[in-house]
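These protein sequences, in sequence, are chains A and B.
Following the working numbering from start to finish, the first sequence increments by one per residue and tops out at 245.
Following the working numbering from start to finish, the second sequence increments by one per residue and tops out at 109.
Keep in mind the hints are simulated off the structure, nothing from the lab.
One or more hints might be untrue.
With a straight-line cut-off of 25 Å between C-alpha atoms, the simulated SDA-like cross-links for lysine to any residue are [what the hints assert, rightly or not]:
id, chain 1, residue 1, chain 2, residue 2
1, A, Lys219, B, Glu70
2, A, Lys219, B, Asn98
3, B, Lys49, A, Arg80
4, B, Lys78, A, Val66
5, A, Lys219, B, Ala99
6, A, Lys135, B, Pro43
7, B, Lys49, A, Gln141
8, B, Lys47, A, Thr142
9, A, Lys135, B, Asn98
10, B, Lys34, A, Pro174
11, B, Lys78, A, Thr142
12, B, Lys78, A, Trp70
13, B, Lys47, A, Trp172
14, A, Lys135, B, Lys34
15, A, Lys209, B, Gly45
16, A, Lys135, B, Gly45
17, B, Lys78, A, Ile72
18, B, Lys47, A, Ala32
19, A, Lys135, B, Ala108
20, A, Lys209, B, Gln103
21, B, Lys47, A, Val66
Using C-beta positions, here's what the derived DEER-type ranges look like [stated by the list, open to error]:
id, chain 1, residue 1, chain 2, residue 2, range
22, A, Trp172, B, Val46, 22 to 28 Å
23, A, Val40, B, Ile51, 47 to 53 Å
24, B, Pro88, A, Phe152, 52 to 58 Å
25, A, Phe178, B, Ile51, 31 to 37 Å
26, A, Leu218, B, Gln109, 31 to 37 Å
Counterexamples of contact, computed for chain A against chain B with all Cβ distances above 12 Å [stated by the list, open to error]:
id, residue
27, Arg54
28, Ser56
29, Gly58
30, Asn84
31, Ala85
32, Arg157
33, Gln198
34, Ser229
35, Asp234
Quantities reported herein were computed from a predicted structural model and do not represent experimental measurements.
Ideal placement from N, C-alpha and C gives every residue a C-beta, glycine not left out.
Below, each chain spelled out in residue letters.
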Amino acid sequence: MRARAAVVTLLIAAVYGPVAYADPDDYVSTPAVEYGEREVELRFGTASKSGEDRESAGSIALGYGVTPWWFIELYGRFNRAGSNATRFDAVEWENKFQLSEPGEWFIDAGFLVEIEWPHDRAEGYELRIGPLFQKDFGLVQTNFNFLLERHFRSDEREVTELGYQWQMKYRWRPDFEFGAQGFGGVGPWNDWDAARDQSHTLGPAVFGKLPLGGRQVLKYNAALLFKASSAAPDRTFRMQVEYEF
Amino acid sequence: MRSRLLLLVAVLLTSTTAYAGGEPEFALTIRDHKFSPSEITVPAGVKLKLIVDNQDQGAEEFDSHALNREKVIPGKSKATIFVGPLAPGRYPFMGEFNATTAQGVVIAQ
Numbered sequence: 001m002r003a004r005a006a007v008v009t010l011l012i013a014a015v016y017g018p019v020a021y022a023d024p025d026d027y028v029s030t031p032a033v034e035y036g037e038r039e040v041e042l043r044f045g046t047a048s049k050s051g052e053d054r055e056s057a058g059s060i061a062l063g064y065g066v067t068p069w070w071f072i073e074l075y076g077r078f079n080r081a082g083s084n085a086t087r088f089d090a091v092e093w094e095n096k097f098q099l100s101e102p103g104e105w106f107i108d109a110g111f112l113v114e115i116e117w118p119h120d121r122a123e124g125y126e127l128r129i130g131p132l133f134q135k136d137f138g139l140v141q142t143n144f145n146f147l148l149e150r151h152f153r154s155d156e157r158e159v160t161e162l163g164y165q166w167q168m169k170y171r172w173r174p175d176f177e178f179g180a181q182g183f184g185g186v187g188p189w190n191d192w193d194a195a196r197d198q199s200h201t202l203g204p205a206v207f208g209k210l211p212l213g214g215r216q217v218l219k220y221n222a223a224l225l226f227k228a229s230s231a232a233p234d235r236t237f238r239m240q241v242e243y244e245f
Numbered sequence: 001m002r003s004r005l006l007l008l009v010a011v012l013l014t015s016t017t018a019y020a021g022g023e024p025e026f027a028l029t030i031r032d033h034k035f036s037p038s039e040i041t042v043p044a045g046v047k048l049k050l051i052v053d054n055q056d057q058g059a060e061e062f063d064s065h066a067l068n069r070e071k072v073i074p075g076k077s078k079a080t081i082f083v084g085p086l087a088p089g090r091y092p093f094m095g096e097f098n099a100t101t102a103q104g105v106v107i108a109q
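Please construct the entire structure, taking both the sequences and the accompanying hints into account.
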């Protein structure tokens with residue numbers, strides 16, 4: 001109940017207070033929280049677009065399941081554009097709230113709140129929030145998330161943008177599942193960009209979980225994304241590895 | 001547009017709540033890092049609750065790839081795990097922290 005109240009408050013704050021396009025190392029959040037879980041997470045992504053410099057991003061994070069409904073993760077983020085040196089990009093604090101037990105409601109629901117402090121202070125700071133949804137159909141798991149993103153106190157015009165992320169996977173075996181993922185953004189949440197200016201990517205993805213004994217588990221997922229709109233990168237490779245202990 | 005978005009979220013959150021409650025319950029106990037019973041028969045095609053009572057001192061994680069459920073249950077506490085509706089069949093589960101001994105199966109028929 002406290003989680004639901006916090007979600008409503010944050011949603012209102014963000015709408016009146018933006019969505020940006022996905023970073024190359026973005027990933028699809030799922031609504032479930034594992035209480036007491038500790039994890040080290042590595043993410044990496046690289047995107048290329050003809051006529052433009054390749055953009056790469058990576059991050060390392062520490063996560064912890066604080067309560068049965070609240071998971072926090074602290075990220076250090078890095079990026080690299082073209083032939084420039086890799087640089088420290090930002091610190092990010094991610095909060096995930098599980099709103100229902102898996103299977104309790106018709107659709108499993110959660111809520112994401114991310115606060116990012118960019119290294120470049122001219123970017124201000126960034127808030128990203130939105131609901132997380134999951135629905136299982138037998139061995140097929142589907143996820144769809146709407147995310148609002150906005151920079152505050154930045155040198156540029158502050159706009160709230162709407163993005164989304166989705167995945168569908170066939171849960172074949174614990175160590176190997178396969179499916180597809182997609183990421184995109186439509187521009188300002190209340191005044192969408194023209195279709196040619198929106199960013200939409202999608203492509204095949206693989207997933208898996210490898211038990212290492214006791215509490216130790218290695219989880220992975222990776223995708224090769226292709227552009228589905230002219231403003232999107234031609235190709236993006238992204239991956240995420242989590243070591244839980 | 002703003003009000004539509006808020007309305008959509010409100011409808012999604014409240015409408016799904018209506019599905020909660022009234023499911024048949026089935027009890028499972030964890031003791032000495034083993035599930036009891038280790039086989040549990042449930043009706044197929046029905047959403048149900050597994051009430052898992054962890055009587056051990058330490059935490060255990062109910063884990064089932066077949067049921068797509070992972071749930072950490074602290075020591076000396078209970079947890080509710082929603083499953084189904086299930087097609088007839090066998091759905092193995094385990095305690096991930098003690099996987100050599102904590103094994104079980106849900107049989108839907």
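Exercise for review: With a cut-off of 25 Å on the C-alpha distance, tell me whether Lys78 (chain B) and Val66 (chain A) pass.
Suggested key: Holds. Lys78 (chain B) to Val66 (chain A) sits at ~18 Å (cutoff 25 Å).
Review point. Has the given pair, Lys47 (chain B) with Val66 (chain A), been kept, meaning a C-alpha gap of at most 25 Å?
Key: 29 Å, violated
Practice item. Examine each Cβ of chain B, and state whether all of them lie more than 12 Å from the Cβ of Ser56 (chain A). Key: 32 Å, holds
Review point. If you draw a straight line from the CA of Lys47 (chain B) to the CA of Trp172 (chain A), is it 25 Å or shorter?
Key: 23 Å, holds
Check your understanding: Is the straight-line distance between the alpha-carbon of Lys209 (chain A) and that of Gln103 (chain B) 25 Å or less?
Key -> Roughly 18 Å between the alpha carbons, so the hint for Lys209 (chain A) and Gln103 (chain B) holds.
Check your understanding: Beyond 12 Å from every Cβ of chain B: is that where the Cβ of Arg54 (chain A) lies?
Key -> Check passes; 35 Å lies beyond 12 Å.
**Study point:** Non-interface claim for Gly58 (chain A), where every Cβ of chain B lies beyond 12 Å
**Key:** 27 Å, holds
Check your understanding: Going straight from one Cα to the other, do Lys47 (chain B) and Thr142 (chain A) come out at no more than 25 Å?
Key -> 19 Å, holds
Check your understanding: Between Phe178 (chain A) and Ile51 (chain B), does the beta-carbon spacing fit 31 to 37 Å?
Key -> Roughly 34 Å apart at Cβ, these two residues keep to the hinted range, so it holds.
**Study point:** 25 Å Cα cutoff - pair Lys47 (chain B), Ala32 (chain A)
**Key:** Within the cut-off at roughly 19 Å; holds.
Check your understanding: Between Lys34 (chain B) and Pro174 (chain A), does the CA-CA distance stay at or below 25 Å?
Key -> 22 Å, holds
Check your understanding: Given the hinted pair Lys78 (chain B) and Ile72 (chain A), is their alpha-carbon gap at most 25 Å?
Key -> Given pair Lys78 (chain B), Ile72 (chain A) holds - Cα atoms ~24 Å apart, limit 25 Å.
Taken one by one, the earlier hints fail for this structure at numbers 3, 9, 11, 14, 15, 21, 23, listed in ascending order.
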